[in-house]
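Chemist: Taken in order, these protein sequences are the chains called V and D. FYI, full-length UniProt numbering numbers position 296 of the first sequence as 296, with every residue one higher than the one before it. FYI, full-length UniProt numbering numbers position 143 of the second sequence as 143, with every residue one higher than the one before it.
Just so you know, these hints were derived from the structure itself, not from any lab. This one's a predicted model, so the numbers in the text were calculated from it and none came from an experiment. Idealized CB from N, CA, C, for every residue including glycine. Hints may contain errors.
What follows is a list of derived Cβ distance ranges for each label pair [stated by the list, open to error]: (1) D:Q47 to V:Q47: 50 to 58 Å; (2) V:A293 to D:L246: 53 to 61 Å; (3) V:T137 to D:R261: 35 to 43 Å; (4) D:S114 to V:A293: 19 to 27 Å; (5) D:D91 to V:N140: 53 to 61 Å; (6) V:T57 to D:A258: 52 to 60 Å; (7) D:E254 to V:W265: 17 to 25 Å; (8) D:A258 to V:G130: 28 to 36 Å; (9) V:G298 to D:E254: 33 to 41 Å; (10) V:G130 to D:A39: 49 to 57 Å; (11) V:D52 to D:D203: 45 to 53 Å; (12) V:D132 to D:A258: 28 to 36 Å; (13) D:D267 to V:A82: 46 to 54 Å.
Protein chains: 2
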Amino acid sequence: MLPFARVTIIGLGLIGSSIARAVQATMPTVRITGHDADADVRERVRQLGFCDDVTDTAGASVVDADLVILCVPVGAMGAVGAEIADDLPADAIVSDVGSSKESVLTALRAVLPSATIIPAHPVAGTENSGPDAGFATLFNGRWCIVTPPEGSEPAAAERIAEFWRRIGANVDVMDPKHHDLVLAVTSHLPHLIAYTIVGTASDMEEVTQSEVIKYSAGGFRDFTRIAASDPTMWRDVFLNNKDAVLEMLQRFTEDLTALQRAIRWGDGDTLFELFTRTRAVRRSIIEQGQDDAKPDFGRSH
Amino acid sequence: MLPFARVTIIGLGLIGSSIARAVQATMPTVRITGHDADADVRERVRQLGFCDDVTDTAGASVVDADLVILCVPVGAMGAVGAEIADDLPADAIVSDVGSSKESVLTALRAVLPSATIIPAHPVAGTENSGPDAGFATLFNGRWCIVTPPEGSEPAAAERIAEFWRRIGANVDVMDPKHHDLVLAVTSHLPHLIAYTIVGTASDMEEVTQSEVIKYSAGGFRDFTRIAASDPTMWRDVFLNNKDAVLEMLQRFTEDLTALQRAIRWGDGDTLFELFTRTRAVRRSIIEQGQDDAKPDFGRSH
Ligand SMILES: NC(=O)c1ccc[n+]([C@@H]2O[C@H](COP(=O)([O-])OP(=O)(O)OC[C@H]3O[C@@H](n4cnc5c(N)ncnc54)[C@H](OP(=O)(O)O)[C@@H]3O)[C@@H](O)[C@H]2O)c1
Ligand SMILES: NC(=O)c1ccc[n+]([C@@H]2O[C@H](COP(=O)([O-])OP(=O)(O)OC[C@H]3O[C@@H](n4cnc5c(N)ncnc54)[C@H](OP(=O)(O)O)[C@@H]3O)[C@@H](O)[C@H]2O)c1
Numbered sequence: 001m002l003p004f005a006r007v008t009i010i011g012l013g014l015i016g017s018s019i020a021r022a023v024q025a026t027m028p029t030v031r032i033t034g035h036d037a038d039a040d041v042r043e044r045v046r047q048l049g050f051c052d053d054v055t056d057t058a059g060a061s062v063v064d065a066d067l068v069i070l071c072v073p074v075g076a077m078g079a080v081g082a083e084i085a086d087d088l089p090a091d092a093i094v095s096d097v098g099s100s101k102e103s104v105l106t107a108l109r110a111v112l113p114s115a116t117i118i119p120a121h122p123v124a125g126t127e128n129s130g131p132d133a134g135f136a137t138l139f140n141g142r143w144c145i146v147t148p149p150e151g152s153e154p155a156a157a158e159r160i161a162e163f164w165r166r167i168g169a170n171v172d173v174m175d176p177k178h179h180d181l182v183l184a185v186t187s188h189l190p191h192l193i194a195y196t197i198v199g200t201a202s203d204m205e206e207v208t209q210s211e212v213i214k215y216s217a218g219g220f221r222d223f224t225r226i227a228a229s230d231p232t233m234w235r236d237v238f239l240n241n242k243d244a245v246l247e248m249l250q251r252f253t254e255d256l257t258a259l260q261r262a263i264r265w266g267d268g269d270t271l272f273e274l275f276t277r278t279r280a281v282r283r284s285i286i287e288q289g290q291d292d293a294k295p296d297f298g299r300s301h
Numbered sequence: 001m002l003p004f005a006r007v008t009i010i011g012l013g014l015i016g017s018s019i020a021r022a023v024q025a026t027m028p029t030v031r032i033t034g035h036d037a038d039a040d041v042r043e044r045v046r047q048l049g050f051c052d053d054v055t056d057t058a059g060a061s062v063v064d065a066d067l068v069i070l071c072v073p074v075g076a077m078g079a080v081g082a083e084i085a086d087d088l089p090a091d092a093i094v095s096d097v098g099s100s101k102e103s104v105l106t107a108l109r110a111v112l113p114s115a116t117i118i119p120a121h122p123v124a125g126t127e128n129s130g131p132d133a134g135f136a137t138l139f140n141g142r143w144c145i146v147t148p149p150e151g152s153e154p155a156a157a158e159r160i161a162e163f164w165r166r167i168g169a170n171v172d173v174m175d176p177k178h179h180d181l182v183l184a185v186t187s188h189l190p191h192l193i194a195y196t197i198v199g200t201a202s203d204m205e206e207v208t209q210s211e212v213i214k215y216s217a218g219g220f221r222d223f224t225r226i227a228a229s230d231p232t233m234w235r236d237v238f239l240n241n242k243d244a245v246l247e248m249l250q251r252f253t254e255d256l257t258a259l260q261r262a263i264r265w266g267d268g269d270t271l272f273e274l275f276t277r278t279r280a281v282r283r284s285i286i287e288q289g290q291d292d293a294k295p296d297f298g299r300s301h
């Protein structure tokens, strides 16, 4: 049996449109309703055809739903929750895909006090955004973390888990606070570092912008990919997972200071020892199917 | 006319073996002699067949050469130079592919005081090493920076430049000091940051190693690729380009501190402004053919 029959997706960008396409591909009988605050996006989604219906208001999109997934930046979750509050069917489950979970849960609870809320976060994406960027296989083999609030009904969380499995993801369950700590390391800190280094490189006086671009294949270009991610989405992530991000940043800075000292004092053994350890992490990621084994991510040469 | 007729490559790993393969593919009449300190590597190279001859000593490999390219870690350049000093023909040009240039030039000059030395650095590579990792198209469309020492013969630098163009690279000429500053930004700092963050993530107590690996598709896995690069090579780079790396690290740390403050004080505008600027850098890199336009580096999903 399908976990849901009438799914509403609010926010039809990379993640929202990928979910819609994946549902269409794997559960073709499910009826998909979509809404986006941006009229141009709604128009484009009507052309692309991965929703059965696109509504002009958030409220109208949920009237008939048994699942509502919010796929907007985390800072907008509360506002969208408020917009659907009056029209949300009592037995619908509200979920989301936000990259931070504690703040989203708090925001949604405040505006939807009696709704069943089961947040989730698919750990998958690209640097692109908008409805054209999505694709049905985005979640294949990636992990989706479901973070049921304390006291929520296990059956509701299981339906959300089953939904994600159907569209290709592996599912893990975690409490929201731990999610935010884990993702601070595996996603938020990497993005912050990438944004920083790309900023640093663009602000140099002695090295021109054109040199930075020409010689970027030395390693720098890797960082520019994630530093090309959506500014609104990422601003919201940092503001909404502040404590965990600052905590991770603190540790990173300490480790960087230790390496700086090793370089300054010519301590090659410390460098060599770390560089050997980090290799093993890459190997595990490839062995567990979380990255391509091909050299250079399989870039064409 | 071909720039060289008898090329010797010392160090037959990723870069050395890629050069040999590229020469074979683009200048098939050139005779290629190879040497590597590691007997297993020599044996493997004999099987792979991209050298016409593989010698057991460095000296024996250069007796007949008009070009000798040193493709060993930058910390080994001086020792290899000393090994070939007695056998190097007077009219041969000595070049190298080291990732730092001032220290290599100093080391080679000390042991080969009367040789014509024209260092170069192809800004191309993958995270793999060894003779099996190389391929003939590695340098296609990438930049090779030639750093002729002051007072050297322009004709010699031009022959080196022509050699690199023949095997697919674009060539730029720079003085060694400026090279070291530019590459500190576009390559050395990115590697240092990547090694650090992978180290930080592996040393967490609250987040398990298995969690870091499972959810690495959130961004972290991108960093593990370059943090899987050869430890010896990278130890040597940091020890040999110390000043420029420490200078760049200092700026990076300042910028990171500013972002940390913006997060702490909830200053979303500063974050948004930076994240918008960094997007433009990515666009230029793609427009100038220095990275794949495909989302997520073209990883298969
Ligand atoms: N990108 C990733 O890699 C990734 C991965 C996992 C989870 N996530 C999470 O997924 C969510 C969506 O990210 P995305 O990458 O899909 O972003 P996206 O491509 O920018 O899509 C977000 C869409 O939501 C719309 N929107 C913004 N505010 C809205 C509102 N109040 N009501 C209705 N629609 C609104 C946006 O319209 P306009 O932009 O035109 O205003 C846009 O079309 C975020 O919470 C993010 O944290 C992202
Ligand atoms: N990898 C890159 O992305 C890249 C890009 C541009 C430039 N470079 C530069 O290219 C050079 C080579 O790097 P690579 O990536 O090709 O490394 P690699 O794959 O590890 O190859 C280096 C080879 O040199 C051998 N070697 C070490 N010391 C030697 C010595 N004293 N005499 C003779 N052979 C010796 C090594 O043998 P063992 O390891 O078995 O001892 C190994 O086979 C370095 O200077 C590096 O900075 C690298």
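Chemist: For a quick check of understanding: which of the numbered hints are violated here, in increasing order?
Modeler: 2, 4, 6, 13
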